[in-house]
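Protein chains in written order, with the numbering used here: chain Y, 1 to 75; chain E, 1 to 266.
Derived by calculation from the structure, the hints in this document are not laboratory data.
Model, not experiment: these values are computed from the prediction.
Fair warning: there could be bad hints in the mix.
To be verified - Here are the simulated BS3-like cross-link-like pairs (lysine-lysine), alpha carbons at most 27 Å apart as the crow flies:
#1 E:K3 / Y:K30
#2 E:K118 / E:K186
#3 E:K225 / Y:K30
#4 Y:K30 / E:K48
#5 E:K4 / Y:K30
#6 Y:K30 / E:K5
#7 E:K210 / Y:K30
#8 E:K38 / E:K225
#9 Y:K54 / E:K4
#10 E:K218 / Y:K30
#11 E:K249 / Y:K30
#12 E:K168 / Y:K54
#13 E:K34 / E:K118
#14 E:K186 / Y:K54
#15 E:K34 / E:K236
#16 Y:K30 / E:K8
#17 E:K5 / E:K168
As the list claims (entries may be wrong) - Covered stretches of chain E, going by a simulated chain Y footprint (3 or more residues, C-beta under 8 Å):
#18 49-55
#19 105-116
#20 121-133
C-beta atoms are modelled at their ideal positions from N, C-alpha and C, and glycine is treated no differently.
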Amino acid sequence: MKKHIYNTTILNGYTMKRELMDILCCPMCKSDLSLDVTDENEEEIVTGTLYCAKCDEHYPIEDGIPNLLPPDMRD
Amino acid sequence: MDKKKTKKVVKEAYGKIAQGQEGCGCGTCGPDTKEFAKSVGYSEEELKAVPDEANLALSCGNPTALASLKEGEVVLDLGSGAGFDCFLAATKVGLNGKIIGVDMTPEMVEKARDNAKKNGVENVEFRLGEIENLPMEDNSVDVVISNCVINLSADKPMVFQEVYRVLKPGGRIAISDIAILKELPKKIQESIEAYVGCVGGAMLIDEYKKIVEASGLKDVKVTVKGTSACIDPNTKDPIGRAILDGLGKNESLGRYVVSIYVEGHK
Chain Y
1 MKKHIYNTTI LNGYTMKREL MDILCCPMCK SDLSLDVTDE NEEEIVTGTL YCAKCDEHYP
61 IEDGIPNLLP PDMRD
Chain E
1 MDKKKTKKVV KEAYGKIAQG QEGCGCGTCG PDTKEFAKSV GYSEEELKAV PDEANLALSC
61 GNPTALASLK EGEVVLDLGS GAGFDCFLAA TKVGLNGKII GVDMTPEMVE KARDNAKKNG
121 VENVEFRLGE IENLPMEDNS VDVVISNCVI NLSADKPMVF QEVYRVLKPG GRIAISDIAI
181 LKELPKKIQE SIEAYVGCVG GAMLIDEYKK IVEASGLKDV KVTVKGTSAC IDPNTKDPIG
241 RAILDGLGKN ESLGRYVVSI YVEGHK
């Protein structure tokens with residue numbers, strides 16, 4: 001069983017939705033990501049980070065868009 | 001060009017296209033994006049169902065039609081651009097289904113997100129990511145679609161390895177892309193513009209099929225849909241120009257380049 005550190009509230013939204021965390025993973029090692037929300041509204045997670053413990057890598061969520069580009073392609 | 005440089009060049013070029021600063025070789029047949037979409041296989045009804053802003057005329061087929069999407073399916077669009085095929089797919093899988101668009105160009109993902117917001121599309125999510133390093137779990141997707149994108153990848157075998165990994169057992173692909181019938185003139189092979197214009201990076205049809213099969217996908221079928229490449233001989237667009245200038249005398253692009261549909265399943 002997967003362990004989720006986020007709550008399971010299902011929110012309707014347009015971009016970064018909590019329900020889709022289920023099929024999200026680290027682009028590099030494919031491990032589960034943990035979600036840390038800084039700011040969210042009724043629709044979506046606006047700002048936050050997705051963290052891969054195995055790679056020790058933070059993937060930012062900005063303006064509702066999760067940036068899951070490999071770290072060397074982020075800029 | 002090494003792989004990393006190719007990625008950066010493509011990312012930058014499509015960032016500009018998203019912002020309307022430049023066109024792409026794929027859509028140089030005419031200025032009317034709607035007519036262009038019809039010419040590659042979208043129906044009038046389909047075009048009405050999606051926001052105009054999402055159609056940037058960067059297609060070479062209609063993978064959502066080929067995929068025969070069913071209610072409730074999870075669909076992944078590789079290189080989702082402004083979201084055109086995602087929105088179309090969203091109408092087909094319904095609210096119990098999900099569409100995930102992955103694109104490496106921030107400007108495209110922002111545009112797609114704005115289009116989703118403006119039009120109240122709820123079952124579509126866009127994320128910034130690479131199609132060679134998909135941020136998706138194993139066995140999580142029913143259908144992978146893609147439209148005129150994989151030719152731009154600097155590592156095509158890796159794209160299909162990733163596609164195989166994320167597909168559920170029995171999951172399928174419905175991909176529209178560009179392929180070549182014979183080796184391109186050297187000048188075109190070496191042109192960055194021709195690469196960005198979906199020509200320089202295109203593979204031979206047999207090579208394409210081999211790469212898809214090598215990923216593990218079964219019953220792979222590559223069908224030639226026609227010659228989608230017609231460039232106005234008087235074009236001033238740098239991409240179109242580079243392609244035309246690279247062709248030999250009395251040669252036409254149609255003798256090299258075709259649009260294809262690629263099918264297969266896990």
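Results for each hint:
Straight-line distance between C-alpha atoms of K3 of chain E and K30 of chain Y comes to about 21 Å, which keeps the hinted pair within the 27 Å bound. Proximity of K118 of chain E to K186 of chain E is assessed by CA-CA distance (about 45 Å); at most 27 Å being required, the pair is judged violated. With a C-alpha separation of about 35 Å, the suggested pair K225 of chain E and K30 of chain Y falls outside the 27 Å cut-off, and the hint is violated. Distance hint between K30 of chain Y and K48 of chain E is unfulfilled; the C-alpha atoms sit about 38 Å from each other, more than 27 Å.
Distance restraint check for K4 of chain E and K30 of chain Y: the Cα-Cα separation of roughly 21 Å lies within the 27 Å cut-off, and the hinted pair is therefore satisfied. A C-alpha spacing of about 24 Å is found between K30 of chain Y and K5 of chain E, which places the hinted pair at or below 27 Å, so the restraint holds. Taking the CA atoms of K210 of chain E and K30 of chain Y, the gap is near 26 Å; set against the 27 Å cutoff, the hint holds. Among the hinted pairs, K38 of chain E with K225 of chain E is consistent with the structure: their alpha-carbon atoms are about 14 Å apart, no more than 27 Å.
The suggested pairing of K54 of chain Y with K4 of chain E holds, with an alpha-carbon distance near 24 Å, which does not exceed 27 Å. At most 27 Å may separate the alpha-carbon atoms for a hinted pair to count; K218 of chain E and K30 of chain Y meet this at roughly 24 Å. Distance check on the hinted pair: K249 of chain E and K30 of chain Y sit about 50 Å apart at the alpha-carbon level, beyond 27 Å; violated. Of the supplied pair hints, the one linking K168 of chain E and K54 of chain Y holds, its CA atoms being roughly 24 Å apart against a limit of 27 Å.
Between K34 of chain E and K118 of chain E the CA atoms are separated by roughly 19 Å; this keeps the pair inside 27 Å, and the hint holds. For a cut-off of 27 Å, the pair hint linking K186 of chain E to K54 of chain Y is broken: about 44 Å separates their Cα positions. A hinted pair counts as satisfied when its Cα atoms are at most 27 Å apart, and K34 of chain E with K236 of chain E qualifies at roughly 22 Å. Proposed proximity of K30 of chain Y and K8 of chain E is supported: the alpha carbons are some 23 Å apart, at most 27 Å.
Of the pairs offered as hints, the one joining K5 of chain E and K168 of chain E is violated, with about 32 Å between alpha carbons and a cut-off of 27 Å exceeded. With 0 residues having a Cβ less than 8 Å from any Cβ of chain Y, the stretch 49-55 of chain E misses the three-residue criterion, and the hint is violated. Check result for the stretch 105-116 of chain E against chain Y: holds, 5 residues qualifying (beta carbon to beta carbon below 8 Å, three or more required). Judged by the Cβ-Cβ criterion of 8 Å, the stretch 121-133 of chain E is covered by chain Y as claimed, because 10 of its residues qualify and three suffice.
Violated hints, in rising order: 2, 3, 4, 11, 14, 17 and 18; the structure is consistent with all others.
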